Amino acid sequence: MTDPAAVPFPFPRWEGDRATHLTVAPDDGIYVVPSGAHERLHRIVIGDRDVTERFDGLRGTKVELALTGWVQLQSDRLTDRVNVDAPDGFDDAALLERFARMHDAGSIAIARYPSGTVVTSTPSELTLSERGARVPVPVTDDREPADDYQ
Numbered sequence: 001m002t003d004p005a006a007v008p009f010p011f012p013r014w015e016g017d018r019a020t021h022l023t024v025a026p027d028d029g030i031y032v033v034p035s036g037a038h039e040r041l042h043r044i045v046i047g048d049r050d051v052t053e054r055f056d057g058l059r060g061t062k063v064e065l066a067l068t069g070w071v072q073l074q075s076d077r078l079t080d081r082v083n084v085d086a087p088d089g090f091d092d093a094a095l096l097e098r099f100a101r102m103h104d105a106g107s108i109a110i111a112r113y114p115s116g117t118v119v120t121s122t123p124s125e126l127t128l129s130e131r132g133a134r135v136p137v138p139v140t141d142d143r144e145p146a147d148d149y150q
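Everything in the sequence shown is counted per the UniProt record's numbering, starting at 1 for the first residue and increasing by one.
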């Protein structure tokens with residue numbers, strides 16, 4: 001897996017300010033990812049590897065990032081809900097509650113992978129129990145990093 005500290009990672013660390021999209025790395029580093037930049041993050045972290053081959057029906061940029069241990073938090077500002085794509089083993093309810101409160105969200109919807117379980121809750125009642133690996137599909141990095149850091 002590409003270690004964010006080992007490459008010139010193009011996204012800034014989150015300092016706690018309001019942000020529409022955040023990503024949490026497998027090492028628990030939190031980064032601000034601009035809207036539409038998840039494909040770029042996918043190219044950096046996963047590249048052309050097939051991380052979904054053993055999971056029937058699971059596809060998509062955020063799904064594949066979740067399968068490799070990355071968590072995506074997003075507020076579309078059109079609803080009072082925040083959406084999260086996360087691996088089954090992600091259990092940082094405090095971060096999700098903080099993100100939801102930051103956006104005045106009344107609910108949180110968490111899609112978990114590879115189980116496909118969707119958890120919906122109010123921020124104050126959210127509980128997450130670890131039900132799987134934090135990194136369901138380890139990605140070894142035996143290739144050169146992508147030149148997509150701009």
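Hint data in this document are derived by calculation from the structure and do not stem from the laboratory. Treat the numbers as computed from the prediction; the structure is a model and nothing was measured. Beta carbons are placed, not taken as given, at the ideal position from N, Cα and C, and that holds for glycine. It cannot be assumed that every hint is accurate.
Label pairs and their calculated CB-CB ranges [to be verified]:
1) Leu78 with Pro10: 33 to 39 Å
2) Pro12 with Asp56: 25 to 31 Å
3) Pro12 with Arg43: 29 to 35 Å
4) Val119 with Thr61: 16 to 22 Å
5) Glu53 with Glu15: 34 to 40 Å
6) Asp50 with Ser124: 36 to 42 Å
7) Asp17 with Asp50: 32 to 38 Å
8) Asp80 with Asp48: 20 to 26 Å
9) Ser107 with Glu130: 33 to 39 Å
10) Arg43 with Thr20: 17 to 23 Å
Comparing the hints with the structure gives:
{"no.": "1", "hint": "Leu78 with Pro10: 33 to 39 Å", "result": "violated (27 Å)"}
{"no.": "2", "hint": "Pro12 with Asp56: 25 to 31 Å", "result": "violated (36 Å)"}
{"no.": "3", "hint": "Pro12 with Arg43: 29 to 35 Å", "result": "violated (18 Å)"}
{"no.": "4", "hint": "Val119 with Thr61: 16 to 22 Å", "result": "holds (21 Å)"}
{"no.": "5", "hint": "Glu53 with Glu15: 34 to 40 Å", "result": "holds (37 Å)"}
{"no.": "6", "hint": "Asp50 with Ser124: 36 to 42 Å", "result": "holds (39 Å)"}
{"no.": "7", "hint": "Asp17 with Asp50: 32 to 38 Å", "result": "holds (36 Å)"}
{"no.": "8", "hint": "Asp80 with Asp48: 20 to 26 Å", "result": "violated (38 Å)"}
{"no.": "9", "hint": "Ser107 with Glu130: 33 to 39 Å", "result": "violated (22 Å)"}
{"no.": "10", "hint": "Arg43 with Thr20: 17 to 23 Å", "result": "holds (21 Å)"}
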